[in-house]
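Chains as they are written, first to last, in the numbering used here: chain A, 1 to 380; chain B, 1 to 76; chain C, 1 to 194.
Hints are computed from structural coordinates only; laboratory data are not their basis.
Accuracy of the hints is not assured; some may be wrong.
Said to hold, decoys possible - No more than 25 Å apart at the CA atoms, straight line, and that leaves these computed lysine-lysine pairs for BS3-like:
1. A:Lys111 to A:Lys180
2. A:Lys111 to C:Lys138
3. B:Lys54 to A:Lys133
4. A:Lys111 to A:Lys133
5. C:Lys138 to A:Lys248
6. A:Lys180 to A:Lys133
7. B:Lys54 to A:Lys251
To be verified - Which residues of chain A face chain B? A few of them, derived with a C-beta cut under 7 Å, are:
8. Gln152
9. Pro198
10. Thr199
11. Asp241
12. Tyr249
13. Ser255
14. Tyr263
15. Leu323
Unchecked claim - Non-contacting residues of chain B with respect to chain C, defined by C-beta distances greater than 10 Å in every case (computed):
16. Ala25
17. Arg28
18. Tyr30
19. Glu43
20. Ser48
21. Glu49
22. Val51
23. Gln53
24. Lys54
25. Leu56
26. Glu57
27. Ala58
28. Glu60
Note that this is a predicted model, so its numbers are computed, not measured.
Idealized CB from N, CA, C, for every residue including glycine.
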Amino acid sequence: MQLKPRLAVLVSLVAASVLPVSASPDEVDDQDASYTFRNFGDSDHVHVMSHFGRYAMDLRGGTRFFLQFNHETVTVPGVEAAAGTQEAVDAITTASRPIRNGSDAFRSFSKDRNEFQGDIGNRRVKVGYYVSKESDYFAQQVRTSLNRDFFQENLNLKVGSSYGWDAIDPLQDEDTATGKDHRTTWNWNAVATQILSPTLLVRVGADLTLVHGLQHNPYRNVYAGGGPVPERHPDARTRTDAFIRISKYLKNRSSLRASYVAYRDDWGLTSHTLDGRLYQYVTEDVLVRYRYRFYTQSGADFYREDYLDPTGVDGYRTADYRLQPFRAHLFGAEIDMNLGLFRARPNVLRHLHLTLGYQRYFNSGNFSANILESGLSFTF
Amino acid sequence: MRRFLCLGLGLAALAGLAAGVAGCAAVRPYEREYLSDRIMSYEADSRSERVEQKWLEAREGSTGGAAGAGGGCACN
Amino acid sequence: MNARHHRPLAAALPAVLGLAAVLAAARPAAASPGDRAALSPDRVRTLRHHPLTAPDGSTLRLADLAGEVVVVNFWATWCPPCRREMPLLDAMNARLAGDGARVVAISVDREPDHVRRFLAENGIDLPVFVDGPDGLAKSLDLAYLPYTVVLDRQGQAAFAGAASSETAWNRVNDLVARLTRNRPLRTAKEDSGS
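Construct all of the structure, not just a fragment, from the sequences and the given hints.
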């Protein structure tokens, strides 16, 4: 099933016109701007540096406008084993980057990605647009959501939808059998948020996502039937998930948040995620957050450690570790400071927030990653 | 087909269940101090959550779990 | 092995579209335009006789201000529309000085320190009292926040409700101007037609 982008735009416009803008205007505009730098490095020595710029503004009629820009540089290191050895061949075969000739594999590969998104909406309806561009991938998405409060704003119901369409043009690669291709993604979600008490909030929801088009890595080969063959995944995937999130305010100026997500798709993959976070005010100006996340997934039904048949399983074969069974853990801590704590005169620093965070991720497949994040935001 | 029937029924049951729970005593606007605090607000975290969700989805086989609205101030 | 094609959406889509229709059709809770009848005489009495405590420890009862026009505003530091309204109320209080009228702001914050800090950072001079969520706000069972009550010189409620919209704010200003000039009150029908 392939749906035209124009239909998605029409859906967004209809959604935006369904409900009138809120009839409670505020005189004064609130704005905030922020910058975040994120540094990601994993055990395969892949390195990602991201720069996020965000701007949000309250408009009349209870409408809020949001813009975000992200510039990212991904660096995939060269193969570190001697050319012609089995290790080098294995590494090249499972490469997630283009290789024009054999010596390319031993040089690092770098790719830039620029991403932009904008959203506008009020308490009832929101519409947004997203675009992302890199040398071999161009992605766009439109999204919309409807929101209503009931029972004196103790219950909120939200439904959302998005449509994404991607154009893929693989870079020259000596092994790829993939030419220009595309991918489309439909998503629908429904969420209910209920206030249970002055200190307890619960949110339940579900997503349905339909993906159609290219879904394997065009630069990667798989060992199957004794030799390397191009990776091939099904061109359709139906993904569903359901989740529950609970937030509880604790007496000592802290809160505990827990969530559970159950996921399954028609590739046979199922997963469970448990996430716990503790927020604690150290002072009125300093907030710390601790996090632990546990994740477990089964493998796709066409995943095999070794493929005896060169065509794979039902014509599909993968060397993508994300389709194999594994468990993962994530630990993190973050500190957020309102710089007004320095009590400068005049105290313009109270409009500034500084955030520093570190997360450690590792899974049962010997993959691990360190994520360092720093951010500065300004409210005016 | 059966899986989608279950999902459809589940979505419909979602709103019904939530509405039923809302029959409990409502929290009044002047009682929402703690709920308005950013440590209780999913929206305050939503920007960094979206970024985090993206890199996790690039490293794992599944998606989802981050949508929603509500809670908070209930101010005019 | 599962079939590699999209399954029909016959079951899922109607449920989602049905939910969307419910959201679109449901009447949202609308802020009251302000109606003096929303505050019963019993509640006005409770409001006027409840002891209020300022962050500096001083106390006041609104009944002690008989003969003055009093704009009572219930607010909280954690309420963004309330915070935006405070400078306007501060300016109104300064303007009313000498006219036998004043603004009294009653915070429903639990912590007086939060109120003190907000007032200091924003240069607010108008009289502010901290009453918490279990005091007057609960006794009056306020439906909104911020919530404004205008008491005339006889201690009657001439206005009670939300005033954070431009229309309602202008209406409160007009009403206070009339009351401070001792003009007779117009009927509710005249008010709603203005």
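Status of the hints after comparison with the structure:
1. Taking the CA atoms of Lys111 (chain A) and Lys180 (chain A), the gap is near 18 Å; set against the 25 Å cutoff, the hint holds.
2. Taking the CA atoms of Lys111 (chain A) and Lys138 (chain C), the gap is near 59 Å; set against the 25 Å cutoff, the hint is violated.
3. Annotation: proposed proximity of Lys54 (chain B) to Lys133 (chain A) holds, straight-line Cα distance about 15 Å (limit 25 Å).
4. Taking the CA atoms of Lys111 (chain A) and Lys133 (chain A), the gap is about 11 Å. The hint holds against a cut of 25 Å.
5. Restraint check for Lys138 (chain C) and Lys248 (chain A): the C-alpha separation of about 23 Å stays at or below 25 Å, so the hint holds.
6. Proposed proximity of Lys180 (chain A) and Lys133 (chain A) is supported: the alpha carbons are some 15 Å apart, at most 25 Å.
7. Distance check on the hinted pair: Lys54 (chain B) and Lys251 (chain A) sit about 33 Å apart at the alpha-carbon level, beyond 25 Å; violated.
8. A distance limit of 7 Å between C-beta atoms decides the matter here; for Gln152 (chain A) the minimum to chain B is near 5 Å, and the interface restraint holds.
9. With 7 Å as the threshold, the beta carbon of Pro198 (chain A) comes within range of chain B, its nearest partner Cβ sitting at about 5 Å, so the hint holds.
10. Interface restraint check: Thr199 (chain A) against chain B, minimum CB-CB distance 5 Å, threshold 7 Å, status holds.
11. With a least beta-carbon distance of about 3 Å to chain B, the hint placing Asp241 (chain A) at the interface is held under the 7 Å criterion.
12. Because the smallest distance between the Cβ of Tyr249 (chain A) and any Cβ of chain B comes to about 4 Å, under 7 Å, the interface hint for this residue holds.
13. Proximity of Ser255 (chain A) to chain B holds as hinted, the smallest CB-CB distance being about 4 Å (cut-off 7 Å).
14. At about 4 Å, the closest approach between the beta carbon of Tyr263 (chain A) and any beta carbon in chain B falls short of 7 Å, and the interface hint on this residue holds.
15. Because the smallest distance between the Cβ of Leu323 (chain A) and any Cβ of chain B comes to about 6 Å, under 7 Å, the interface hint for this residue holds.
16. Once the 10 Å rule is applied to beta carbons, Ala25 (chain B) is consistent with being away from chain C; the minimum gap is 12 Å.
17. Taking the minimum C-beta to C-beta distance to chain C, about 7 Å, the non-interface status of Arg28 (chain B) is violated against the 10 Å cut.
18. Remark: the non-interface label on Tyr30 (chain B) conflicts with the geometry, its nearest Cβ contact in chain C lying 4 Å away (cut-off 10 Å).
19. No beta-carbon of chain C is positioned within 10 Å of the beta-carbon of Glu43 (chain B); the least distance is around 12 Å.
20. Every Cβ of chain C is farther than 10 Å from the Cβ of Ser48 (chain B); the closest lies at roughly 21 Å, confirming the non-interface assignment.
21. Under the 10 Å C-beta cut-off, the non-interface status given to Glu49 (chain B) relative to chain C holds; the minimum distance is some 21 Å.
22. With a least CB separation of 25 Å from chain C, Val51 (chain B) remains clear of the 10 Å interface cut-off, as annotated.
23. At roughly 21 Å, the least C-beta separation between Gln53 (chain B) and chain C is larger than 10 Å, which holds for a residue marked as non-interface.
24. Lys54 (chain B), annotated as away from the interface, keeps every beta carbon of chain C farther than 10 Å; the closest lies near 24 Å.
25. Its beta-carbon lying about 25 Å from the closest one in chain C, Leu56 (chain B) satisfies the requirement of being farther than 10 Å from that chain.
26. No beta-carbon of chain C comes within 10 Å of the beta-carbon of Glu57 (chain B); the shortest separation is about 21 Å.
27. Ala58 (chain B), annotated as away from the interface, keeps every beta carbon of chain C farther than 10 Å; the closest lies near 23 Å.
28. The beta carbon of Glu60 (chain B) sits about 20 Å from the closest Cβ of chain C, which is more than 10 Å, so the claim that it is off the interface holds.
In this structure, the earlier hints numbered 2, 7, 17 and 18 are contradicted, and the remaining ones agree with it.
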